[in-house]
Each structure stands twice: as C-alpha cells, then as structure tokens.
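Sequences listed follow chains F and L, in order. The working numbering applies: residue 1 is where the first sequence begins, and numbers increase by one. The working numbering applies: residue 605 is where the second sequence begins, and numbers increase by one.
Read the hints as simulated data drawn from the structure, not as lab findings. In this text, a Cβ means the ideal position worked out from N, Cα and C, and glycines have one as well. Treat the hints with caution; some may be incorrect.
[Stated by the list, open to error] Cross-link-like lysine-lysine pairs, in silico, DSS-like; alpha carbons within 27 Å at most:
{"no.": "1", "chain 1": "L", "residue 1": "K780", "chain 2": "L", "residue 2": "K742"}
{"no.": "2", "chain 1": "F", "residue 1": "K561", "chain 2": "F", "residue 2": "K453"}
{"no.": "3", "chain 1": "L", "residue 1": "K760", "chain 2": "L", "residue 2": "K742"}
{"no.": "4", "chain 1": "L", "residue 1": "K722", "chain 2": "F", "residue 2": "K241"}
{"no.": "5", "chain 1": "F", "residue 1": "K427", "chain 2": "F", "residue 2": "K402"}
{"no.": "6", "chain 1": "F", "residue 1": "K247", "chain 2": "L", "residue 2": "K722"}
{"no.": "7", "chain 1": "F", "residue 1": "K241", "chain 2": "L", "residue 2": "K641"}
{"no.": "8", "chain 1": "F", "residue 1": "K181", "chain 2": "L", "residue 2": "K686"}
{"no.": "9", "chain 1": "L", "residue 1": "K722", "chain 2": "L", "residue 2": "K780"}
{"no.": "10", "chain 1": "F", "residue 1": "K9", "chain 2": "F", "residue 2": "K349"}
{"no.": "11", "chain 1": "L", "residue 1": "K742", "chain 2": "F", "residue 2": "K247"}
{"no.": "12", "chain 1": "F", "residue 1": "K261", "chain 2": "F", "residue 2": "K349"}
{"no.": "13", "chain 1": "F", "residue 1": "K349", "chain 2": "F", "residue 2": "K427"}
{"no.": "14", "chain 1": "F", "residue 1": "K212", "chain 2": "F", "residue 2": "K247"}
{"no.": "15", "chain 1": "F", "residue 1": "K466", "chain 2": "F", "residue 2": "K393"}
{"no.": "16", "chain 1": "L", "residue 1": "K817", "chain 2": "F", "residue 2": "K241"}
{"no.": "17", "chain 1": "L", "residue 1": "K686", "chain 2": "L", "residue 2": "K722"}
{"no.": "18", "chain 1": "F", "residue 1": "K241", "chain 2": "F", "residue 2": "K194"}
[Said to hold, decoys possible] Which chain L residues face chain F? A few, computed with CB under 7 Å, are given here:
{"no.": "19", "residue": "R658"}
{"no.": "20", "residue": "E661"}
{"no.": "21", "residue": "K665"}
{"no.": "22", "residue": "R667"}
{"no.": "23", "residue": "V668"}
{"no.": "24", "residue": "V673"}
{"no.": "25", "residue": "S675"}
{"no.": "26", "residue": "R822"}
{"no.": "27", "residue": "L825"}
{"no.": "28", "residue": "T827"}
{"no.": "29", "residue": "T830"}
{"no.": "30", "residue": "G954"}
{"no.": "31", "residue": "D955"}
{"no.": "32", "residue": "S957"}
[What the hints assert, rightly or not] Residues from chain L that face chain F, not an exhaustive set, calculated with beta carbons under 8 Å:
{"no.": "33", "residue": "A678"}
{"no.": "34", "residue": "Q682"}
{"no.": "35", "residue": "M683"}
{"no.": "36", "residue": "H684"}
{"no.": "37", "residue": "R823"}
{"no.": "38", "residue": "L826"}
{"no.": "39", "residue": "Y828"}
{"no.": "40", "residue": "R860"}
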Amino acid sequence: MIRPGLTFKLSVLLACIGVLASGATGYYAYRANRAMLVNEAGRSLLTSTELLGQRFSVAIDDVGADALVLAGMPSSGEVAQTDDGLGENAARERLAQVYSSFMVHHPDYLQIRLITRQHYGLELIRFDRDADGLVRVEGNRLQEKGQFAYIFDTLAFSPGRLYASPISVNHEYDAHAAEGKPTLRLGTPVANAKGAVVGVVVIDVDLAGMLKRLQSDLPSDYQVYLANEWGDFLVHPDGSKTFGFDKGRRVLMQDSFAVTKPLFEQSQSEVLVNGLTYPRQAAEQVLAFVRRPFGASEGNRFIVLGLAKPLEDVLSDANLLGNRIIRMVLVFSALAVLLAILFARALTKPLHILAYAATHLFAEHAMETLPLKRTDEIGVLARCFDRLRREIKSQMDVLHNKQTELVHLATHDGLTGLPNRMLFMQKLENAIEEATRRQEGLAVLFVDLDRFKQINDQFGHSVGDKVLVVVARRLKQVLCTADVVARLGGDEFIVLIEGPRAVEAAPAIASRIMNTLNEELLMDGQNMAVGASIGISQFPDDSGTAEELLLNADAAMYAAKSGGRCAYLRYHDLLEARRLEQLEQARAQASEGATQGHEAEPMA
Amino acid sequence: MPFALRHAVFRASPALLIIAVFCCGLLSAAPVAAGEKVLRVLAWPGYADADVVRNFEARYKARVEVTMVDSDEALWAQMHAKGTPPFDVLAANAAEIERYTRANLLAPLDLASLPNTKRQLPRFQALSLIEGLTSAGKVYGIPFTYSSMGLIYDRKQIAVAPRSMLELWNPRYRGKVLDFNSAQHNFSFTALALGYTHPFELNAVQMRLIAHKLIALRRNLLTYYTLPEEATAFFIQHKVALMFGNYGTQQVELLRRAGADVGYVIPDEGVLAWLDCWAMTRSASDRPLALAWIDYMLEPEVSGLLPQRQGLANTLTAPVDNNDNARIVWIGPVEDIQRREELWTRIVSGDRSERF
Numbered sequence: 001m002i003r004p005g006l007t008f009k010l011s012v013l014l015a016c017i018g019v020l021a022s023g024a025t026g027y028y029a030y031r032a033n034r035a036m037l038v039n040e041a042g043r044s045l046l047t048s049t050e051l052l053g054q055r056f057s058v059a060i061d062d063v064g065a066d067a068l069v070l071a072g073m074p075s076s077g078e079v080a081q082t083d084d085g086l087g088e089n090a091a092r093e094r095l096a097q098v099y100s101s102f103m104v105h106h107p108d109y110l111q112i113r114l115i116t117r118q119h120y121g122l123e124l125i126r127f128d129r130d131a132d133g134l135v136r137v138e139g140n141r142l143q144e145k146g147q148f149a150y151i152f153d154t155l156a157f158s159p160g161r162l163y164a165s166p167i168s169v170n171h172e173y174d175a176h177a178a179e180g181k182p183t184l185r186l187g188t189p190v191a192n193a194k195g196a197v198v199g200v201v202v203i204d205v206d207l208a209g210m211l212k213r214l215q216s217d218l219p220s221d222y223q224v225y226l227a228n229e230w231g232d233f234l235v236h237p238d239g240s241k242t243f244g245f246d247k248g249r250r251v252l253m254q255d256s257f258a259v260t261k262p263l264f265e266q267s268q269s270e271v272l273v274n275g276l277t278y279p280r281q282a283a284e285q286v287l288a289f290v291r292r293p294f295g296a297s298e299g300n301r302f303i304v305l306g307l308a309k310p311l312e313d314v315l316s317d318a319n320l321l322g323n324r325i326i327r328m329v330l331v332f333s334a335l336a337v338l339l340a341i342l343f344a345r346a347l348t349k350p351l352h353i354l355a356y357a358a359t360h361l362f363a364e365h366a367m368e369t370l371p372l373k374r375t376d377e378i379g380v381l382a383r384c385f386d387r388l389r390r391e392i393k394s395q396m397d398v399l400h401n402k403q404t405e406l407v408h409l410a411t412h413d414g415l416t417g418l419p420n421r422m423l424f425m426q427k428l429e430n431a432i433e434e435a436t437r438r439q440e441g442l443a444v445l446f447v448d449l450d451r452f453k454q455i456n457d458q459f460g461h462s463v464g465d466k467v468l469v470v471v472a473r474r475l476k477q478v479l480c481t482a483d484v485v486a487r488l489g490g491d492e493f494i495v496l497i498e499g500p501r502a503v504e505a506a507p508a509i510a511s512r513i514m515n516t517l518n519e520e521l522l523m524d525g526q527n528m529a530v531g532a533s534i535g536i537s538q539f540p541d542d543s544g545t546a547e548e549l550l551l552n553a554d555a556a557m558y559a560a561k562s563g564g565r566c567a568y569l570r571y572h573d574l575l576e577a578r579r580l581e582q583l584e585q586a587r588a589q590a591s592e593g594a595t596q597g598h599e600a601e602p603m604a
Numbered sequence: 605m606p607f608a609l610r611h612a613v614f615r616a617s618p619a620l621l622i623i624a625v626f627c628c629g630l631l632s633a634a635p636v637a638a639g640e641k642v643l644r645v646l647a648w649p650g651y652a653d654a655d656v657v658r659n660f661e662a663r664y665k666a667r668v669e670v671t672m673v674d675s676d677e678a679l680w681a682q683m684h685a686k687g688t689p690p691f692d693v694l695a696a697n698a699a700e701i702e703r704y705t706r707a708n709l710l711a712p713l714d715l716a717s718l719p720n721t722k723r724q725l726p727r728f729q730a731l732s733l734i735e736g737l738t739s740a741g742k743v744y745g746i747p748f749t750y751s752s753m754g755l756i757y758d759r760k761q762i763a764v765a766p767r768s769m770l771e772l773w774n775p776r777y778r779g780k781v782l783d784f785n786s787a788q789h790n791f792s793f794t795a796l797a798l799g800y801t802h803p804f805e806l807n808a809v810q811m812r813l814i815a816h817k818l819i820a821l822r823r824n825l826l827t828y829y830t831l832p833e834e835a836t837a838f839f840i841q842h843k844v845a846l847m848f849g850n851y852g853t854q855q856v857e858l859l860r861r862a863g864a865d866v867g868y869v870i871p872d873e874g875v876l877a878w879l880d881c882w883a884m885t886r887s888a889s890d891r892p893l894a895l896a897w898i899d900y901m902l903e904p905e906v907s908g909l910l911p912q913r914q915g916l917a918n919t920l921t922a923p924v925d926n927n928d929n930a931r932i933v934w935i936g937p938v939e940d941i942q943r944r945e946e947l948w949t950r951i952v953s954g955d956r957s958e959r960f
C-alpha cells in the first residue's frame with residue numbers, strides 16, 4: 001500500500017501549526033487582557049487614592065475652618081487676654097458651650113483648647129474625650145503648654161493663618177482619650193481687639209479615626225498606607241510598622257516602596273506601580289501613591305497616601321477569561337487537528353491515486369480515478385503519468401500481437417492455416433493423455449493426396465497451392481469441430497479423432513474424406529479431382545505413443561496407396577493381411593509347384 | 605515532494621520546542637527563604653550607622669535589626685516591650701547596666717571572646733573599678749563611649765561662658781532654652797546645681813523641691829528635645845541661647861556642622877557624665893553573634909567613628925582636650941526611677957506647680 005506515513009506526518013505538522021497558532025493567540029490575548037485589567041485597576045486605584053487624599057485635605061481644611069471660627073469668636077480675644085482659667089468668667093463659659101458643641105459634632109476631635117499666651121501658655125478652655133464622652137478640664141487641672149511647638153509656633157503666626165503640626169503620637173499626660181493616639185494638631189492664633197496675638201485655638205484630630213471614616217466606602221480588599229513628610233508610616237496594614245519614630249525604629253515608606261522616593265523628593269505628586277510589570281517594586285499588588293499637601297501652605301506639610309489592591313483580586317477576572325481562553329484554545333486545537341487531518345488527506349489523496357495507478361499500471365479501474373482534470377501540479381503529474389501509461393500499454397500490445405503471430409506461425413501451416421506437425425504432435429500427446437485417463441480410444445487418419453503431384457506438374461505450383469487450400473477447407477468441413485486436422489507437409493494431412501466412439505467412427509470419417517476429396521473441384525477453369533489414400537491407426541490398439549501412431553497410420557496409408565487408389569486401410573487390417581500373407585507364403589513354400597499365382601489383397 | 609515534506613516535519617520540531625518553552629514560562633519558580641541569623645540591637649543614635657551595620661552583616665552573614673532609643677526610659681521600655689522579639693545586645697550607661705544586671709536581664713560576658721577589649725585604654729580595661737559593670741566577679745558591660753552632659757551656649761548671644769547649670773533658669777533667656785526630655789538626668793543635674801551632694805539619692809523633700817525647680821525651668825524653656833538632630837534644628841531655627849547637652853560633645857559637633865557658633869562648658873558644680881557600655885541580654889539567642897557584635901564595636905575602624913562622626917570619645921584613644929579640673933559625676937543608679945518619671949511626665953505635660 002501507499003505509505004500511510006505521509007498523511008500522518010503532514011497531519012501532525014499541520015496540527016502542530018494550528019495548535020501553536022491558537023495557543024499563541026490565546027496566550028497573548030490572556031497576557032494583553034491581564035495587562036489591560038491591571039492598568040485599569042491601577043487607574044481606578046489612583047483615582048481612589050486621589051479622592052481619598054482630596055477628602056483628607058478637605059477634612060483637614062474643615063478642621064482648620066472650625067479652628068478659625070472658634071478663634072474668630074468675638075469674645076475669644078478678650079478671654080485669652082484676661083482670663084487665668086481660675087474663678088468665674090461668664091464669657092469663657094459661653095465660649096466653652098460653643099467648644100463643647102463642636103466636640104459633640106466632630107467625633108474625630110480629640111481635644112479643643114483655647115490657650116493663652118500668658119501664664120506660660122495656660123489652657124483656658126479644654127475639652128477632652130474619654131470612653132464616656134466629653135470631658136471638660138477645668139481649674140488647676142489645666143496645664144501650661146507654652147513649651148510645645150504647636151503653641152509657640154502658632155503664637156508666631158499672624159491672625160487668620162493656620163498651623164498644622166507634624167503627625168505624632170500624643171504623649172501628654174492626662175490627655176484622656178488623646179493619650180497615645182496618632183494626632184494631628186491644627187492651631188490658629190487668637191487676636192485681641194487691637195489685632196495682637198494673645199492666644200491660640202488648637203484642635204487635636206484623631207488621625208486614625210478620621211482616616212477610617214474617610215476610607216469607609218473603599219472596597220474591603222484595599223489596603224491603606226499613610227506616611228508623613230519624612231516617610232514614616234502613620235497607617236500601615238501591619239500596625240507594628242506605624243509610628244516607628246516613636247518606637248525607636250523608623251520604618252520609611254520610601255524604603256518599603258522604592259517607587260515613592262520621587263514623592264518625598266517632591267519631584268512627582270503621584271506614583272502608580274503594579275506587581276505584574278514590576279514584581280520587585282510591588283509584590284503581588286497594585287499600588288497607587290499620592291502626595292497631598294495639607295494645612296494651608298504653612299510649614300510645607302504634606303502626607304503621602306497609598307492604596308494597595310492585591311493583584312490576585314485584580315486578575316481574578318483575567319483568570320476567568322484565562323480559563324475560557326484555555327477552553328477555546330483546546331476547542332480550536334481539536335478543530336485544527338481535525339482540519340489538519342482532513343487537509344492532509346485531501347492533499348495526499350491524489351498522490352495515493354497516482355501511486356495506486358503506478359502500482360496497478362494496466363488495471364483500467366485504477367486509471368478512472370486519476371485526477372486528470374485538475375489544473376494544478378498534481379493534474380499535470382496525473383496527465384503526464386496517464387500519457388506515459390498509454391504509450392507503454394500500446395507498445396506492449398504491439399509486442400504481444402507480434403508474439404501471438406510468431407507463435408501461430410511456428411505452429412501452423414502458412415498456406416492452409418492448419419496446425420503444423422509440431423502443434424499436431426502436441427495435441428496428439430495431450431489427446432493420448434486425456435484418452436488414457438478416460439479409458440477411451442482415438443484414431444489418427446493419415447491422408448495423402450493421390451494426384452497432387454500431377455496437378456502441380458500440369459497446372460503449376462500456384463494452382464497446387466490453391467488446391468491444397470481447398471483440400472484443407474473441405475477436410476475441415478467434413479470433420480467435427482472437435483476433430484483436429486493438420487498439414488504435415490507437401491500433400492500430407494493428418495486428422496485426429498477423439499471421443500468415446502472415435503475408433504468405430506474412424507472408417508466412416510475416412511470414407512467421408514475420400515468422398516469429399518474425390519469430388520471434382522474447379523480451379524482456374526479446370527476440373528480436377530485430387531483423391532486421397534488414408535491410413536488409420538488407433539489408440540490404444542495400434543500404439544501407445546503419438547510418434548508410433550503417426551508412423552503406423554503412415555504405414556497403413558502407404559499400404560492403401562500401393563494397393564490401389566482411393567482407398568483407406570486400417571493398420572490393424574494391414575497387420576492382419578501381412579500375417580495371412582506370411583501364412584500363405586509358408587504354405588506355398590510347403591507345396592511349391594502345386595499351386596501357383598494365388599492372389600490375396602486386403603480390401604476396404 | 606516526500607523529501608520536502610519530511611524536511612518540513614523536521615523543521616516543525618523547533619515549533620514544538622517553542623510550545624514547550626511557553627509552557628515552562630508559565631511556571632514561575634518560587635524563591636526559597638533561607639534560614640537567616642538575625643541580631644537585634646538596641647542602640648543610641650550614632651552607635652550603629654548604616655554602613656557599620658552593613659559591614660557586620662556582610663562579615664557574619666547575618667541580618668541586623670537596629671532599634672534606636674533616645675532616653676534611658678525608652679531603653680527600659682524597649683527591653684520590657686511585649687509582643688516584639690527580644691533584643692540580643694544593647695548599649696546603656698554604666699548605671700543602667702547595673703540596673704539591668706540587678707533585674708537579671710543581662711548575660712555575663714566572656715572577655716576571651718572579646719579580644720578587642722585588649723586594645724582599650726587601661727582605665728577602661730579595669731572593669732572592676734568602674735561602678736556597675738561587674739557583679740559577683742562577672743562582667744556585664746564593656747565600655748564603648750562616654751561623654752559629660754554640660755552646657756551648650758550660643759557664643760553670639762552669650763559673651764561670657766556660663767559657669768553653672770542655674771543659667772538655664774535665667775529669665776534673660778526665657779523661650780531660648782532647650783532641655784533634654786529625660787526624668788533621671790533632669791532631677792540629677794538640678795540636684796547638682798542646687799548643691800546636693802548625692803544627686804542620685806534624693807529624699808522626698810528634695811524631690812518635691814526639684815520638681816518645682818524643674819517647673820520653673822520649663823517656664824523658661826523654648827521646648828524639650830529628645831534627639832540631637834531635633835535639638836540642632838530648634839537651636840538654629842529659634843535662635844536658642846542655651847541648652848542642657850545630654851549628648852555632650854556629640855551635640856556640639858552636630859551644632860558646629862549646622863553652622864552654629866557654640867561653646868561647651870562644664871559647670872562649676874560638676875557635671876553628669878555617662879559611660880555607655882555594650883551588654884548582652886540573657887535572651888540573646890545567638891550568643892557568639894552577639895559577642896561578635898560587641899567585639900566589632902571595639903574595632904578601631906568602628907570605635908574611631910565616634911570622635912570622627914559624633915564628636916564622642918571612644919575607649920581606645922585618650923581625648924586631646926582632657927579637662928582634669930572638671931568635677932565629673934558618673935551617672936549612677938537613682939533612688940526611685942518610677943517616681944522621677946511620674947513627676948517628670950507631669951512636668952513636661954504642663955502641670956502647674958500648685959499641683960506638686
């Protein structure tokens with residue numbers, strides 16, 4: 001069979017190309033989708049961070065506005081200038097009521113204080129907060145705060161301006177809920193009627209509480225980072241990393257996230273980084289950082305806010321799509337395999353047909369399917385092959401005919417078309433074998449024309465030849481088709497009669513032959529009769545071999561011819577006659593002289 | 605054609621390789637964290653600079669976690685902090701070493717493992733003569749650096765060098781004075797300034813008196829500082845005239861570098877001085893590494909950084925300007941740290957004198 005390997009190899013190759021193409025397409029689609037999702041998440045994260053930063057700024061501004069409102073109360077200046085915190089002071093108490101309502105309405109405020117420049121920065125009005133609610137600190141529990149930067153720095157400001165402290169942990173003694181809390185202090189000067197700064201209003205903001213409120217609507221998987229202007233973490237998912245400066249081991253944002261360095265160098269205001277593109281800078285996360293100035297413009301204070309979202313959450317959709325892509329790739333790969341097989345088969349089918357035609361060169365059915373009408377190379381190949389095959393076939397046919405002719409010439413007589421001696425002998429031998437097997441007899445009739453020599457001499461060889469042809473035709477006419485007539489040469493013919501009753505029928509056939517040959521024939525306007533002498537030998541009585549049968553028939557014919565014209569003689573009869581003759585001779589020799597001139601001749 | 609095809613099939617094999625590579629690319633190798641030695645160090649600013657730490661880490665293939673403290677109180681708090689891994693080595697003054705030894709927090713040191721102690725000046729090798737470093741014949745601290753805690757003043761504002769700590773109370777300098785935020789030293793130097801003979805052994809009356817004195821000091825202050833850098837910033841920005849130099853010469857160096865024209869005086873009544881020593885905690889997990897750190901601190905290249913970068917003396921070379929006349933009072937263990945701290949927190953927070 002034609003190599004099945006070619007189809008297989010071609011199928012594998014095409015399938016590989018198909019699988020590779022669909023796999024690569026799927027893979028790049030997956031990657032592109034991941035990158036897109038991460039970028040999208042980054043942008044939205046940055047927006048959230050900016051929003052959070054904006055809210056933070058707004059919230060701080062609101063606190064600042066509250067401080068300004070309190071500092072701007074008409075009695076503030078008067079109280080700050082004249083009060084000593086002890087004893088009755090109606091103006092102070094009225095102010096205190098306002099302070100208390102501010103405290104009530106702003107849960108993020110840890111403390112609101114009015115502090116005078118005099119008495120070493122004594123607190124005049126102070127509201128704290130504890131677990132039970134508001135705490136008013138009065139009398140000699142009020143403290144002197146002049147030694148704190150948020151006081152002496154704010155006192156140096158002109159009225160209407162805002163001071164924002166660095167964000168630090170409150171370690172002041174007796175500060176109630178504020179103690180130990182990350183605190184941002186906003187202060188503003190209080191001026192008297194003449195515009196001189198006589199005190200300050202300070203609001204302590206619970207930074208953690210405020211941030212918690214600001215980030216309350218952020219998705220729960222967001223992580224919040226907050227650093228002060230030096231990079232110390234103030235908010236970090238890992239609480240132990242916050243306020244490191246207060247614990248002796250600073251943990252800086254620019255060390256934890258190297259990408260934030262430009263924010264602290266103030267060369268950039270926002271940074272976005274994702275762990276997909278920069279796995280070293282944002283491990284498994286998408287990070288957005290925003291630098292946000294706060295507290296008006298004093299002191300160049302800023303914070304850096306950061307939001308982080310786990311890459312895993314961002315990519316969950318991509319993984320979903322990835323699974324789908326994998327399924328799609330598998331389907332397309334299967335399709336590619338199928339198509340590859342079909343295509344390879346379609347491509348190799350004409351090759352198979354050609355190969356089949358080549359191996360069955362002379363089978364017509366193999367030629368019917370040749371793709372002769374194709375216009376491509378395979379069509380050309382098929383047509384060339386077909387032409388080649390036709391040429392070979394015609395030449396083979398010629399050769400075959402010639403061979404048949406040669407065989408015919410070798411076994412037949414050229415003149416009469418009858419089998420020659422060689423073919424006859426073969427047939428005779430075959431017939432003997434057959435007769436032996438069937439236990440039947442057969443007869444050989446040796447026919448010799450009587451007057452052929454005279455006709456030849458009288459009318460020429462061409463007439464003689466014509467006579468021979470006629471004789472042959474007549475012989476065939478009187479014989480059954482099963483009987484064989486052959487020309488041995490010259491005017492000698494031989495007939496083989498087979499069949500169960502061949503021996504019995506032989507004399508009758510010989511007689512029919514003699515009759516037909518004795519009939520006159522017209523040749524070139526001349527009437528002539530050839531006549532024939534016939535010798536019959538029989539199998540198995542006369543001989544068992546073809547050669548001997550022929551010789552015996554010949555001998556019988558010779559005896560018949562010498563006995564007189566137009567006669568036939570069986571070899572068996574000849575032998576009988578000879579035996580009688582020998583008996584006669586022996587008797588004659590015994591009585592020589594007694595009787596002479598006795599005649600005995602076999603007769604048909 | 606079959607040949608061409610066969611070639612094509614062979615040529616397709618690299619494509620299969622590419623697929624294989626794709627598949628491999630999808631699998632990422634997870635890094636394996638190796639078990640790493642960690643040394644936790646509790647130190648003061650300037651004792652374990654980043655480059656010094658890096659060298660040690662490289663030499664001993666270990667990671668060093670340095671936690672900075674800015675006061676003895678912070679040091680004590682760190683040593684007793686819960687929820688954090690214990691420290692292996694710490695730097696504290698001799699008095700604190702004694703306190704920690706008494707509290708059974710320190711492990712005795714084997715001097716044979718500290719060959720660099722042989723390089724130290726003889727008076728720092730005579731450990732038994734230094735109060736607080738030995739207990740029951742065992743050594744618990746190795747001297748590292750020392751300084752007096754004198755007065756630092758701005759030569760531009762104060763023409764004549766002050767001669768007593770009492771200058772801090774001078775109303776002329778109101779709002780221009782800086783004090784160090786530490787309970788023990790404030791009580792001690794005030795006691796010294798008031799002429800008390802035992803500044804570390806104060807009775808209740810003295811304590812109350814000093815508390816009032818310290819409130820008076822507070823009212824004269826600009827503010828308190830904890831870190832030398834912080835003090836320098838206040839000094840420059842707010843034109844400070846005078847300050848108690850807790851970090852001593854280290855601070856003078858820093859201020860001069862920041863451009864301040866400052867003088868450093870040791871008051872007539874005597875000056876407190878600290879001798880900071882390295883010690884190993886009982887909880888040190890890798891003691892050879894802890895000892896290696898202490899020995900490393902005494903190497904000339906490391907100890908040499910103290911005068912070079914910090915303006916501090918080290919224990920290997922004698923300082924040039926040795927003032928022999930000065931009355932040096934080495935910090936000793938105080939009578940009741942808790943009481944001092946309790947009072948101090950209230951003083952710093954602004955409680956008025958009436959409440960004491």
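Hint-by-hint comparison with the structure:
{"no.": "1", "hint": "K780/L / K742/L", "in the structure": "46 Å, violated"}
{"no.": "2", "hint": "K561/F / K453/F", "in the structure": "14 Å, holds"}
{"no.": "3", "hint": "K760/L / K742/L", "in the structure": "50 Å, violated"}
{"no.": "4", "hint": "K722/L / K241/F", "in the structure": "40 Å, violated"}
{"no.": "5", "hint": "K427/F / K402/F", "in the structure": "23 Å, holds"}
{"no.": "6", "hint": "K247/F / K722/L", "in the structure": "35 Å, violated"}
{"no.": "7", "hint": "K241/F / K641/L", "in the structure": "21 Å, holds"}
{"no.": "8", "hint": "K181/F / K686/L", "in the structure": "19 Å, holds"}
{"no.": "9", "hint": "K722/L / K780/L", "in the structure": "45 Å, violated"}
{"no.": "10", "hint": "K9/F / K349/F", "in the structure": "14 Å, holds"}
{"no.": "11", "hint": "K742/L / K247/F", "in the structure": "32 Å, violated"}
{"no.": "12", "hint": "K261/F / K349/F", "in the structure": "69 Å, violated"}
{"no.": "13", "hint": "K349/F / K427/F", "in the structure": "52 Å, violated"}
{"no.": "14", "hint": "K212/F / K247/F", "in the structure": "23 Å, holds"}
{"no.": "15", "hint": "K466/F / K393/F", "in the structure": "39 Å, violated"}
{"no.": "16", "hint": "K817/L / K241/F", "in the structure": "39 Å, violated"}
{"no.": "17", "hint": "K686/L / K722/L", "in the structure": "37 Å, violated"}
{"no.": "18", "hint": "K241/F / K194/F", "in the structure": "48 Å, violated"}
{"no.": "19", "hint": "R658", "in the structure": "14 Å, violated"}
{"no.": "20", "hint": "E661", "in the structure": "16 Å, violated"}
{"no.": "21", "hint": "K665", "in the structure": "22 Å, violated"}
{"no.": "22", "hint": "R667", "in the structure": "14 Å, violated"}
{"no.": "23", "hint": "V668", "in the structure": "12 Å, violated"}
{"no.": "24", "hint": "V673", "in the structure": "5 Å, holds"}
{"no.": "25", "hint": "S675", "in the structure": "10 Å, violated"}
{"no.": "26", "hint": "R822", "in the structure": "6 Å, holds"}
{"no.": "27", "hint": "L825", "in the structure": "5 Å, holds"}
{"no.": "28", "hint": "T827", "in the structure": "5 Å, holds"}
{"no.": "29", "hint": "T830", "in the structure": "10 Å, violated"}
{"no.": "30", "hint": "G954", "in the structure": "3 Å, holds"}
{"no.": "31", "hint": "D955", "in the structure": "6 Å, holds"}
{"no.": "32", "hint": "S957", "in the structure": "9 Å, violated"}
{"no.": "33", "hint": "A678", "in the structure": "6 Å, holds"}
{"no.": "34", "hint": "Q682", "in the structure": "6 Å, holds"}
{"no.": "35", "hint": "M683", "in the structure": "11 Å, violated"}
{"no.": "36", "hint": "H684", "in the structure": "13 Å, violated"}
{"no.": "37", "hint": "R823", "in the structure": "5 Å, holds"}
{"no.": "38", "hint": "L826", "in the structure": "7 Å, holds"}
{"no.": "39", "hint": "Y828", "in the structure": "7 Å, holds"}
{"no.": "40", "hint": "R860", "in the structure": "24 Å, violated"}
Violated hints, listed in ascending order, are 1, 3, 4, 6, 9, 11, 12, 13, 15, 16, 17, 18, 19, 20, 21, 22, 23, 25, 29, 32, 35, 36, 40; each of the other numbered hints is respected by the structure.
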